Amino acid sequence: MSRHFALDSLETDRLVLRRRNEREAGIYRRLWTERDPRVPAHRRIDTEGRPTLEDIRAEIHRERQLTRPGLLAVERKIDGDVIGYCGLVFHGNGAPDEPELAYELLRSTHGYGYATEAGGAVLDWAAEAGYERVWATVRDWNAASRRVLDKLGFGETGQVEADAVHGDSLLTVRKLGDAHRVGRIRPR
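full-length UniProt numbering puts the first residue of the sequence shown at 1, with every later residue one more than the last.
There could be a bad hint or two in this list.
[Said to hold, decoys possible] Label-pair restraints from in silico Cβ distances:
id : residue 1 : residue 2 : range
1  : Arg30     : Glu63     : 15 to 25 angstroms
2  : Thr52     : Lys151    : 26 to 36 angstroms
3  : Arg43     : Arg68     : 16 to 26 angstroms
4  : Gly111    : Thr33     : 12 to 22 angstroms
5  : Lys175    : Arg23     : 29 to 39 angstroms
6  : Gly155    : Gly49     : 35 to 45 angstroms
Don't read these hints as lab results, they were simulated from the structure.
All of these numbers come straight from a predicted model, not from anything done at the bench.
Just so you know, even glycine gets a beta-carbon here, dropped at the ideal spot from N, CA and C.
Could you build the full structure based on these sequences and the hints that come with them?
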């Protein structure tokens, strides 16, 4: 199946989701500093201060060269501030051409429904682009993200990557289709 990958931005009632840019590296690094201590070390700032702002800028630059959809900045319309990211990543939890939903928002913005709103827009876009399924992984202890995934219609598959140190990682899946739209998006 041929898919159209050009995705510059999506819009919801309260958010604009658009391609990330290197000027926002500080926001994405802040996300690294806010992560729960149970998150595996490779997803936290290391003892040498990595990833640095330059590391994050370089990653965003590489990401912008890809033809597949990726992570989008989540920007609040009213305040015009970037509060995190949401998008699709490809790394093989499902079939090779099935994306994984990824999202992370600044702690100060938790509890307002932004993750669900952004995730719904990305899932609607993924359905329109022809994807049949989207995966998501979540740590068993991450109740907030588990609630977001539940609201977005993801179901646990029963596949668990056991991790006694960081908490088990649960694999969830969401089948996409025209019958159930998740959010209200307006491509910009």
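Which of the listed hints are broken here?
-> none
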